[in-house]
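Student: For reference, the chains in residue letters:
2 protein chains.
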Amino acid sequence: MITASICTIGDEILIGQITDTNSAMISRELGKAGIRVREMISVGDERDEIARAIAGCLEHDGIVIVTGGLGPTKDDVTKGVLYDITGSTGYVRDSRQTEIIHRILSSRGLDVLDINLRQADVPDRCDVIPNRLGTAPVMVARFPDTAFGRKAVLYSLPGVPFEAEGAMPYVLEDIRKGFCLSEIHHRTIMTYGIAESALSDLIAEWEERLPSCVRLAYLPDPLKGVSLRMSVYGVPDAEKIFEEQTAKLRSLLGDNIYSCSGESLPEVTGRLLRSNGWTVSTAESCTGGLIASLLTSVPGSSAYFLGSVVSYASSVKENILGVPKSVINTHGAVSPECAAAMAEGVRRITDSDFSVATTGNAGPSASEGKPVGQVWVGISSRKETRTMEFHYHNDRKRNIERFAASALDALRRVILSGTEA
Amino acid sequence: MITASICTIGDEILIGQITDTNSAMISRELGKAGIRVREMISVGDERDEIARAIAGCLEHDGIVIVTGGLGPTKDDVTKGVLYDITGSTGYVRDSRQTEIIHRILSSRGLDVLDINLRQADVPDRCDVIPNRLGTAPVMVARFPDTAFGRKAVLYSLPGVPFEAEGAMPYVLEDIRKGFCLSEIHHRTIMTYGIAESALSDLIAEWEERLPSCVRLAYLPDPLKGVSLRMSVYGVPDAEKIFEEQTAKLRSLLGDNIYSCSGESLPEVTGRLLRSNGWTVSTAESCTGGLIASLLTSVPGSSAYFLGSVVSYASSVKENILGVPKSVINTHGAVSPECAAAMAEGVRRITDSDFSVATTGNAGPSASEGKPVGQVWVGISSRKETRTMEFHYHNDRKRNIERFAASALDALRRVILSGTEA
Chain F
2 MITASICTIG
12 DEILIGQITD
22 TNSAMISREL
32 GKAGIRVREM
42 ISVGDERDEI
52 ARAIAGCLEH
62 DGIVIVTGGL
72 GPTKDDVTKG
82 VLYDITGSTG
92 YVRDSRQTEI
102 IHRILSSRGL
112 DVLDINLRQA
122 DVPDRCDVIP
132 NRLGTAPVMV
142 ARFPDTAFGR
152 KAVLYSLPGV
162 PFEAEGAMPY
172 VLEDIRKGFC
182 LSEIHHRTIM
192 TYGIAESALS
202 DLIAEWEERL
212 PSCVRLAYLP
222 DPLKGVSLRM
232 SVYGVPDAEK
242 IFEEQTAKLR
252 SLLGDNIYSC
262 SGESLPEVTG
272 RLLRSNGWTV
282 STAESCTGGL
292 IASLLTSVPG
302 SSAYFLGSVV
312 SYASSVKENI
322 LGVPKSVINT
332 HGAVSPECAA
342 AMAEGVRRIT
352 DSDFSVATTG
362 NAGPSASEGK
372 PVGQVWVGIS
382 SRKETRTMEF
392 HYHNDRKRNI
402 ERFAASALDA
412 LRRVILSGTE
422 A
Chain W
2 MITASICTIG
12 DEILIGQITD
22 TNSAMISREL
32 GKAGIRVREM
42 ISVGDERDEI
52 ARAIAGCLEH
62 DGIVIVTGGL
72 GPTKDDVTKG
82 VLYDITGSTG
92 YVRDSRQTEI
102 IHRILSSRGL
112 DVLDINLRQA
122 DVPDRCDVIP
132 NRLGTAPVMV
142 ARFPDTAFGR
152 KAVLYSLPGV
162 PFEAEGAMPY
172 VLEDIRKGFC
182 LSEIHHRTIM
192 TYGIAESALS
202 DLIAEWEERL
212 PSCVRLAYLP
222 DPLKGVSLRM
232 SVYGVPDAEK
242 IFEEQTAKLR
252 SLLGDNIYSC
262 SGESLPEVTG
272 RLLRSNGWTV
282 STAESCTGGL
292 IASLLTSVPG
302 SSAYFLGSVV
312 SYASSVKENI
322 LGVPKSVINT
332 HGAVSPECAA
342 AMAEGVRRIT
352 DSDFSVATTG
362 NAGPSASEGK
372 PVGQVWVGIS
382 SRKETRTMEF
392 HYHNDRKRNI
402 ERFAASALDA
412 LRRVILSGTE
422 A
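Protein sequence lines correspond, in order, to chains F and W. Take the first sequence: its letters are residues 2 to 422, numbered as in my numbering. Take the second sequence: its letters are residues 2 to 422, numbered as in my numbering.
You may find that some hints are simply not true.
Which copy? The list can't say, so a pair holds if one copy fits it or any two copies do.
[Stated by the list, open to error] Pairs of lysine to any residue, SDA-like flavour, derived with a Cα cap of 20 Å:
1) K33 / S107
2) K398 / E166
3) K371 / G301
4) K178 / R143
To be clear, the hints were calculated from the coordinates, so they are not data collected in a lab.
Kindly generate the complete structure, drawing on both the sequences and the hints.
Tutor: What follows is the structure in structure tokens.
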């Protein structure tokens, strides 16, 4: 089986100023093509460290993907390392990339500086895959079988995440031409509402009886819940195995499963609304607009999402959402009565079929006698309003995420339970 | 100088299902303590790969931080590797962690299962740092100087990000007891509104004259703008150098600099509002609640943030914000007139001192004749309303982020320009 390694370059990663998201994106894309990533490594902008890391990767893997170290203001250390390991004898300015640089900068109304054009200069023993989304091209170093006792190809991608992502289809096309790829399959079952250890208990018997070719991983996440990932290597009928095992999981977990296709909670909830021709609005206190932000992160969400009122101040709850002052005075803002009034209020003023409301205390400290982590969710339809309480015990950021996801999940369950708008 | 490496364990990372954020957090914490991270490496849940990666780290670095591979449903492969490399002869159940497991699970109303208690079992040659936030303890393996020709300590942290973060202060306390730490300093100057290459052009002369002990890095990010990070190693008067260089940058970049202390754009904008006793509201179309979500991510934001209306549907713009139908019919929703009417509308109904409005097209495709990436921002105070246009050319997610950050930055500049509420 062909393995790959991913080498990320940049002091900014090593000092923790930015989080490397490229490696995850690249490994997802390689995985889909049946290439197993054996290792990811991050090193700083030091020539020696880069050369050592790349040599280590080439030693173990036929495919090495390098990202970063190519920006207009970088020292081009990566380029220098590629120059050396390919035995290049000079730099060549790539005409296709030069054109792209002119096009991109002029569309932004910027002058084309020499520093920009130099990005199209490439070691003469490297191939080039033009980068349509940015100024630094992808460089490809191909090594003779004699170098590492087998085929080895190195791809150097720009570090800017959306440029690296845009380059991957072309990199994979190149890989497919040069390598005979084997099969690897993943299926992820996404659940919400059960803690990891309770889930593990629920499905322990099923897990024990899994065929030996299936590997299972538990992946907890505040916005996604606990995902169960099944992986199958080198088996021809992976789809059939997934179908069988997914059916068994469904009978064990029921509506706790919200997706088997990779759809996110906002996508699933949006699809349920859309397929019924229903609309939704949100009234958010402690979630501060995150539910609206999640719903609108989905392209096409304007078909079902009408809008939101983020009612952080009590005056906004009263004046815009029409929450009676007496509700807040008697029960407090963090109460089922307030959640219900907020949900009903936003549904009325937006004329939506459903609405979701949140009011709680995300932290950092207890407030109005309400502990950190407590939230009330209101779900209102044209026929009825329900409220439910959730408790978490995390930091502010994490609580806000869990509150928002719990509210979306509550809406999903209400719709699945057969409630009509 | 003492170096460290960070080894992250988990198939879920290697297949790209989750992004490793622990490494960035850990390296930030180590950096603050003057420890340089030489390398980060991620490997799967295979015992051999973990053992090989850890051995490689210990070979190069005195401090090795391992995360992951410890969850209740993991195969405890990390624990097995620690057992082997420390030459342990059995497992010991840690009483402090056992207590914590009971406390955490009962506070969530969950039964304490045997699978949970087994997490407190630790190889007998490892020290334990209790994990107050989760069920898996931190394990510490100390190696005699003879093993690697110098002091070497390995810390194994749980993979759950907030648990790993919560453990770091105790890990650093332990490191400080055992190592004599040298000095490393970073100062980050955060700018918004100038592209990376234009910024590099503006400060080229300054950059050339930087003292040789200062390293500079450009860090572009859609939500943060371009940050300039200066790093100084092993110099006693780092603060003085930073002050001098920051003053020079300020004279070159003026208000394009929004922070020199690590404060984010929402924090800086919030502080400006708070110190003047002003309040703010937002009216968001294309940003879908993200500006409100960013503002409320800051603890204490209720002092100045009143609320938001996310007006995705035209009906919400008209009925709640009071945008005249004629404005939308004549100029379209993506227009300066609509942005101004939205900003004035939300300021009126929330009675805030300032308001921010966004209306644009984030993508994926052109809509109502408006190209992807176009946004109009409205900033309204009690005295006047201004509108401004921004153009980006990225994907939907990135455009939404840039729109929201541009709007926050526009508010910041309006306040700095001396506009009174």
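Student: Of the hints stated earlier, which fail here?
Tutor: Hint 1 alone not satisfied by this model.
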